[in-house]
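What follows is each chain in one-letter form.
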Amino acid sequence: MTSKLIRRAGLLLTGVCLAFAAAAPAVAQEELRIGFIAPMTGPIAQVGADATNGFKMYLDRVKSNFGGAPVKLIVEDSQAKPDTAVTKAKKLILDDHVQLLVGGVLAPEGYALAPVSTAEKVVYISAIPAADDLTQRQLANYPYFIRTGWTSSQPHHPLGQWACDQGYKKIVAIAADYAFGYEVVGGFQKAFEDCGGRIIQKIWPPLFTKDFGPFIPTIKSDADAVFSLMVGPMALQFPKQLRQSGYTKPIVGGGTSYDEAALPFMGDEAIGDVSALQYSAALQTPQNEAFVKEYRSKYGKVPSYFSETNYTTALMIDDVVKETNGKFPGPEAFIAKMSALKVDAPRGPVSFDDMRNPIQNIYIKKVEKTKLFGYDKDELWGVVIKTYPNVSQFWTYGKDAFLKQPVYSRDFPPCKYCE
Amino acid sequence: MDARFWLIQAFNGISYGALLFLVGSGLSLIFGVMRIVNLAHGSYFLLGGYMALSVIWVTGSWLLAIPVAALTVAIIGLLMERLFLRPLGFDPLRQVLLTVGFAFLFQQAALDIWTGNPFDIEPPAALTQSVVVGGLHLPLYRIFMIAVAVFIGLTLWLVMEKTRLGATIRATVDDAQMARGVGIDTSRIAMLIFALGAFLAALGGVIGGAFVGVYPGLDFEMLPIAFAVVIIGGMGSLGGAAIGALLVGLADNFGKALFPEISYFTLYAPMALILAVKPTGLFGRE
Amino acid sequence: MAPLRMKVLIVIAILAAAALIVPHTNPFVILLATRALAFSILVMSLDILLGFTGLASLGQAAYLGVGAYLTAILAARYQIGLGYDFWLVAALGMLGAAVLAALFGLLAIRASGVYFLMITLALGQCVWGLAYRWNSLTGGDNGINLQHRPKFGIDLADQVTFFYVVFGFFAASLLIMYTLVRSPFGRSLAGIRERELRMKILGYNTWLHKYIAFIIAGAFGGLAGVLWVHTAGIVSPENVVLTTSVDALLMAVLGGPGTLIGGVIGASVVLFIREYLSTLVHWWQYVLGGVYVLVILYLPGGLMSIPGRIRQWRAARSEAADTPNLAPARQ
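Chains as they are written, first to last, in the numbering used here: chain A, 1 to 419; chain B, 1 to 286; chain C, 1 to 331.
Simulated from the structure, these hints should not be mistaken for laboratory data.
Even glycine gets a Cβ: it sits at the ideal position worked out from N, Cα and C.
One or more of the hints may lead you astray.
Estimated spans, in silico, between C-beta atoms of each pair [unchecked claim]: (1) A/Q284 / B/L140: 34 to 44 Å; (2) C/W313 / B/Q177: 50 to 60 Å; (3) C/L294 / A/Q284: 54 to 64 Å.
Required output: the full structure, derived from the provided sequences and hints.
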């Protein structure tokens with residue numbers, strides 16, 4: 001009995017050694033291991049799928065080879081829970097020894113993953129989580145953190161300026177009641193009011209609100225327009241219900257109110273509404289057209305900014321690793337090299353400011369029903385009507401002045417013109 | 001805040017309550033007959049919406065989608081009751097937990113079948129208009145929801161009060177043991193009621209799909225609201241469910257409109273308070 | 001009482017074996033085991049109500065939330081609880097949760113059965129609303145991050161050390177709760193579970209018994225929260241939401257209600273399916289749902305009843321083989 005056990009153990013050990021021996025020569029070039037965290041189950045699983053698809057599409061394009069290094073992508077399901085995102089990140093770091101961590105969708109996931117990157121000295125690239133402070137007042141805590149997406153307020157500074165330029169004087173803001181909503185409204189309000197406009201009312205429906213019945217009648221009638229910030233399924237219901245209530249004034253929306261994760265599922269009542277983001281699938285550039293067509297034929301839907309930002313993230317990692325001839329240069333050097341990059345992405349030219357947040361074009365886009373890129377059906381697209389080139393997260397305020405003010409919140413900027 | 005404000009808010013609250021009645025009445029009936037809280041009720045709501053979408057995609061007919069979706073989900077409910085809940089006998093806690101297990105399974109299945117994209121059910125164009133009455137814009141769809149709820153409510157009431165089947169159901173709700181004693185097949189009644197509850201929830205899902213959308217997570221969002229309805233109305237009573245739905249609809253609406261600061265509590269705080277004062281709900285008996 | 005002593009010995013042996021083996025597995029497994037132990041304190045606290053008093057609560061996450069938020073706020077805001085004062089915070093977490101339970105108990109204890117389920121749900125959701133909405137204190141949906149774990153002589157940042165500390169808390173909680181349910185107080189709780197009316201007639205203040213049980217359960221829920229927040233270093237409204245309460249209830253039933261130790265089994269099985277199996281297959285949710293359904297259908301006593309089942313089955317088989325004409329086996 002005992003001897004049998006020992007023999008078995010011996011056999012097993014030999015087997016393991018053989019396996020290692022066999023594996024060793026295959027790894028001529030050390031592989032680049034990337035851990036990818038996204039919700040694959042639960043309410044926002046589709047966003048996770050869009051994000052993963054974007055990243056994988058780039059990998060497929062370069063045959064999973066970055067500058068000679070074979071890329072191993074390990075996708076883990078965060079289940080959209082911050083603490084699960086953390087355990088999965090630890091698994092990726094401690095068990096899989098990934099050199100790079102990409103992912104998270106919700107701001108809380110970003111806030112949860114950034115400290116892990118610091119503690120474990122692993123690069124964390126936030127392609128989606130947009131919480132302003134990660135690349136602003138808290139950046140010093142996260143030396144291995146870099147963002148390839150956006151800050152919540154970044155597109156909404158120019159949008160505030162744009163709304164002001166349209167001659168809107170008074171606007172009512174109605175936005176999902178959570179940090180992302182506060183930062184989006186804050187950015188819009190700051191720029192709009194600095195230009196002379198007035199936010200005369202702020203309405204905060206709880207996140208996940210679908211029945212806007214209680215809120216719509218409270219909208220002040222003397223406003224020139226409504227600014228809305230909706231996310232996910234909220235985005236489908238708000239414009240519809242507002243229009244059905246007889247409201248005819250313009251709606252200006254935060255990025256997620258009309259992005260391509262929601263737009264294809266919306267009705268015609270959204271036509272004419274305006275929003276701002278660093279990406280629009282309707283962007284008329286050869287590079288974006290090719291991107292949209294390839295993505296659509298592969299995954300059966302128009303890419304959203306979730307897909308684009310992850311595609312571009314993969315592209316940026318590739319660029320860094322190419323520079324180092326396929327060798328991972330270590331976390332500090334990687335961050336330094338990445339933040340010095342300038343790339344041409346489907347969304348347009350992207351570089352980084354010195355707080356590791358992208359400087360990029362912000363597109364003001366209007367929902368139109370039209371045929372684009374040779375598709376033969378009339379569809380809703382966010383057609384770009386104005387481009388603000390090379391916008392940083394600090395807009396025109398300058399980094400130092402901007403960082404002196406507190407992070408945008410429910411109470412900042414204060415609503416001076418609300419009664 | 002003039003009279004128009006109050007009128008439109010009342011209208012909004014009532015139409016929301018109409019949707020809640022569809023979800024709550026089924027939950028309430030199931031509880032009345034089987035003494036279990038069906039935690040898969042939100043899933044039936046969501047599945048109803050998804051089934052309707054599939055029918056619409058295939059046939060293009062919204063009218064056809066309503067009965068097909070509701071009946072399909074009713075059959076799912078019937079099978080669940082026969083194959084899984086019935087074998088447990090009378091063991092409410094285990095039955096309740098079993099329904100949670102199914103809620104998780106349905107959630108993942110829906111994600112795999114219909115993806116996680118947010119959908120909206122588009123009703124016929126006629127229903128997307130609004131009528132203007134005395135300067136108030138009343139969306140026709142909200143009026144339609146009220147009409148459906150009234151129709152369903154009246155039909156149920158007639159069946160309950162005027163038919164033999166209804167009498168046996170009421171007898172089962174009052175005292176299942178006694179009902180069995182006088183020869184009522186309570187097991188069959190339970191099966192029928194569970195299917196009916198699923199039917200009503202799915203109907204709510206189809207009707208509500210054009211109002212709240214159809215997307216993953218909706219199941220567990222609807223569930224606590226349906227609870228609030230039956231808690232406030234008292235479980236097992238159709239009239240209670242109607243009053244509960246109306247009260248929740250109005251309280252939630254006015255709470256959010258007048259005190260937006262506490263809109264997270266307009267549902268749960270009254271629910272907790274009512275139960276604290278009257279542990280069986282406003283109109284419940286035990 | 002020999003079989004009972006035997007059972008206790010077996011449980012101790014298995015726990016000791018786990019404590020010895022887990023640190024030699026990989027770091028991810030150690031982390032998951034730590035999380036399972038921390039969460040199982042919550043599940044055991046719920047079992048005091050569910051298994052021993054007959055009260056199914058759907059709001060237990062509220063107490064986890066109090067412990068977790070208290071810990072996180074003190075640490076992130078005031079740097080309290082990151083050294084030797086960690087023990088103070090642990091006590092405060094229990095105390096805070098107990099106070100909340102004392103408050104909620106006043107409202108909830110009168111209800112029973114499914115109404116108790118509903119009122120605890122409503123109260124739990126009120127706490128969630130507070131966590132979500134009270135931005136200045138709780139950080140809203142972003143929650144609160146902890147930059148590092150406490151350090152007092154030993155450094156809890158070390159996975160194995162932290163595992164042993166949580167294991168210690170778990171073992172102590174198990175011991176205290178076990179003593180409690182075996183005490184006269186615990187026996188009267190069981191009496192209430194079986195037949196409340198009779199206990200009332202016998203002169204027991206059943207309300208007070210249930211109320212005290214409710215508070216004790218709350219206190220241990222708070223302790224679970226204190227440990228839980230340090231496992232991932234973050235607390236967010238997600239930890240307080242209804243589904244976390246549902247989880248706890250399902251884990252208790254999965255492991256075996258009225259067994260205490262079933263809580264750790266339920267918590268481990270669920271957490272490993274959710275966080276470990278999900279790294280291997282994408283269809284883990286079907287496994288989880290399937291496990292729930294099958295266990296509830298076929299194992300009323302939860303996973304803890306498997307050994308008993310096997311014994312019964314064996315006994316029945318050997319009896320059938322040896323003495324075919326004796327009285328039917330005991331049920």
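Run through the hints listed earlier and report the numbers of any the structure violates, in increasing order. 2
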